[in-house]
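The task is simple: from the sequences and hints, build the whole structure.
These protein sequences, in sequence, are chains S and Z.
Note that the first sequence covers residues 4 to 125 in the numbering used here.
Note that the second sequence covers residues 4 to 125 in the numbering used here.
A hint or two may mislead.
Pairs involving identical chains hold if they fit within one copy or between any two copies, as the list cannot separate such chains.
When the alpha-carbon atoms are kept at most 20 Å apart in a straight line, the in silico DMTMM-like pairs for lysine to aspartate or glutamate are as follows [to be verified]:
1) Lys40 x Glu25
2) Lys85 x Asp21
3) Lys40 x Asp15
4) Lys40 x Asp104
5) Lys85 x Asp73
6) Lys32 x Glu109
7) Lys40 x Asp73
8) Lys40 x Asp21
9) Lys40 x Asp75
10) Lys61 x Glu90
11) Lys61 x Asp73
12) Lys29 x Asp84
13) Lys85 x Glu25
14) Lys32 x Asp15
15) Lys29 x Asp104
16) Lys29 x Glu90
17) Lys32 x Glu90
18) Lys32 x Asp75
19) Lys61 x Glu25
20) Lys85 x Asp15
Keep in mind the hints are simulated off the structure, nothing from the lab.
Bear in mind the structure is a predicted one, so any value in this text is a computation, not a measurement.
2 protein chains.
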Amino acid sequence: MNKPVHPLIPADRVNGTDVCNEAGDKLGKIEDVAIDKVSGEVAYAILSFGGVLGFGEKYHPVPWRLLTYDADRRAYVVPLDKAAIEEAPTIEGGELSGWNDAGSREAIFGYYGRYGVGPYWI
Amino acid sequence: MNKPVHPLIPADRVNGTDVCNEAGDKLGKIEDVAIDKVSGEVAYAILSFGGVLGFGEKYHPVPWRLLTYDADRRAYVVPLDKAAIEEAPTIEGGELSGWNDAGSREAIFGYYGRYGVGPYWI
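Dropping the structure here:
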C-alpha cells in the first residue's frame with residue numbers, strides 16, 4: 004500500500020489561516036478560497052489584511068499554487084515580501100465572485116508569473 | 004480572446020448549497036468541501052442531511068467530480084437516487100478531516116466507481 008499520501012483539509016479550516024512569508028512576516032489571512040467550477044481546482048486563495056470588514060475593503064487573490072502549508076507555523080507560506088503583496092492585483096470586498104474575467108486573470112497571473120506559477124486554467 | 008470561461012465560486016458560497024438528484028429530490032446540502040493539499044483539487048463535497056448537528060451525525064463524502072451545478076435549481080445535481088446516497092460510505096461528524104486514509108479512499112471510490120468517476124489522486 005505504498006500509495007502517495009493525500010491529506011485533505013476542509014475549506015472551513017483553510018479559511019482564517021494566517022499567511023506569512025519565508026522570513027516569518029505575517030502578510031494577512033485567508034478570507035476564502037475560490038474554486039474553478041470546471042476543473043474543481045482551487046484557483047486562488049483570497050487574502051485579507053485585517054482591519055474593518057466591509058465596503059471598500061481590498062482583497063488579494065493569490066494563485067493557490069504559491070501557497071505551502073507550514074505545520075510548525077500553523078500558517079501558509081508564500082514566496083512574497085510585504086512590498087510584493089502590497090503591489091499585487093486586488094479585488095473589491097463586494098466581489099468575491101464574478102471578477103474572474105480574462106482581463107483579471109491575466110493581470111493576476113502576469114503579476115505572479117515571476118514566482119514561477121503558471122495559469123491554473125491551462 | 005476566445006478563451007474558455009472559468010467561472011469561480013468561493014467555498015463560502017458552495018457550503019450550504021442544496022444537493023439534489025436529476026429527478027429533483029433533495030438529497031442533502033454541502034456542509035463543506037475537502038481540498039487535497041497536494042494538488043489543490045477539491046476532492047470531496049461533504050454532504051449533510053439536516054437534522055441535529057453534533058456528536059454522531061453522519062456525513063457522506065461524495066467525489067466532487069460527480070456534482071454539476073444547476074443554476075435554475077440553485078443546487079448541485081448528482082446522478083444518485085436516495086437509496087444510493089443512503090447506502091454510501093459515511094464519516095463521523097467529528098472527523099471532517101483526518102479520515103482520508105487509503106482504506107477510506109478506496110471504499111468511497113469503490114462505491115462511486117459505478118457512476119464513472121475515477122480516483123482524484125491518480
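How the hints compare with the structure:
1. Lys40 x Glu25: Intra 31 Å, inter 19 Å, cutoff 20 Å: inter-copy only.
2. Lys85 x Asp21: within (14 Å within a copy, 40 Å between copies)
3. Lys40 x Asp15: both (18 Å within a copy, 14 Å between copies)
4. Lys40 x Asp104: within (14 Å within a copy, 26 Å between copies)
5. Lys85 x Asp73: within (18 Å within a copy, 41 Å between copies)
6. Lys32 x Glu109: Cα proximity of Lys32 and Glu109: none, with 23 Å in one copy and 34 Å across.
7. Lys40 x Asp73: Answer is between: at 12 Å across copies they meet the 20 Å cutoff, but 27 Å inside does not.
8. Lys40 x Asp21: between (25 Å within a copy, 16 Å between copies)
9. Lys40 x Asp75: between (32 Å within a copy, 16 Å between copies)
10. Lys61 x Glu90: Only inside one copy: Lys61 and Glu90 sit 12 Å apart there, 45 Å across copies, limit 20 Å.
11. Lys61 x Asp73: So Lys61 and Asp73 fail the 20 Å test inside a copy (25 Å) and across (30 Å) alike.
12. Lys29 x Asp84: Within one copy, since 10 Å is at most 20 Å while 47 Å is not.
13. Lys85 x Glu25: within (11 Å within a copy, 49 Å between copies)
14. Lys32 x Asp15: both (13 Å within a copy, 15 Å between copies)
15. Lys29 x Asp104: Close neither inside one copy (29 Å) nor across copies (32 Å); limit 20 Å.
16. Lys29 x Glu90: within (16 Å within a copy, 45 Å between copies)
17. Lys32 x Glu90: within (17 Å within a copy, 39 Å between copies)
18. Lys32 x Asp75: within (16 Å within a copy, 34 Å between copies)
19. Lys61 x Glu25: neither (23 Å within a copy, 39 Å between copies)
20. Lys85 x Asp15: neither (26 Å within a copy, 27 Å between copies)
The structure fails hints 6, 11, 15, 19 and 20 (numbered hints given earlier, in ascending order).
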